[in-house]
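Enquirer: Hey, can you work out the whole structure from these sequences and the hints?
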Amino acid sequence: MGEDRPELGAGDVTINLDGEQVTLRATLSAALALAATPEDSLGLGGFAAVNRAMARLDPLAITRVIVLGMGYTGEGPKELNIPERIFRTGYSELQPVCIDYLTRLLHGGRPAAKRATQEGQDGAPLEPIR
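Sequential numbering of the sequence shown, starting at 59, is according to this note's numbering.
These are calculated hints, taken from the structure and not from any lab test.
Glycine included, every Cβ here is placed at the ideal spot set by N, Cα and C.
Do not take every clue at face value.
[Claimed, not checked] Derived DEER-like restraints, expressed as beta-carbon distance ranges: (1) 158 <-> 104: 14 to 24 Å; (2) 70 <-> 99: 24 to 34 Å; (3) 79 <-> 170: 32 to 42 Å; (4) 100 <-> 136: 25 to 35 Å; (5) 97 <-> 77: 32 to 42 Å.
Expert: Take a look at the structure:
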């Protein structure tokens, strides 16, 4: 059981937020807050709704993921001006790292496992069946 636990900080993702390096921490509180996301127009809630919003480059979803990853709620402390810094950095710049962070949350604070490739007895990749 203990061998499958993530290493401390394994789920962390570092982003450049308006010229400053900021760490998004993979925490249970962030995962639960995102899991509580209300249903969208397709009836998808939780992580499904957040992932759908990420695909649409939704500024509110990107902001929410970053704020939660930084350990805050709402828009974060006013003096940090997080939403404005996210805007200046660019939503399209931050979307891929938000998706990476969400993936780590879904894997219990671990990076996504690399897919193992199937190999034949000689070590060569197997050909697909046609």
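Enquirer: Of the hints given before, which are not true for this structure?
Expert: Those not satisfied come down to hint 3.
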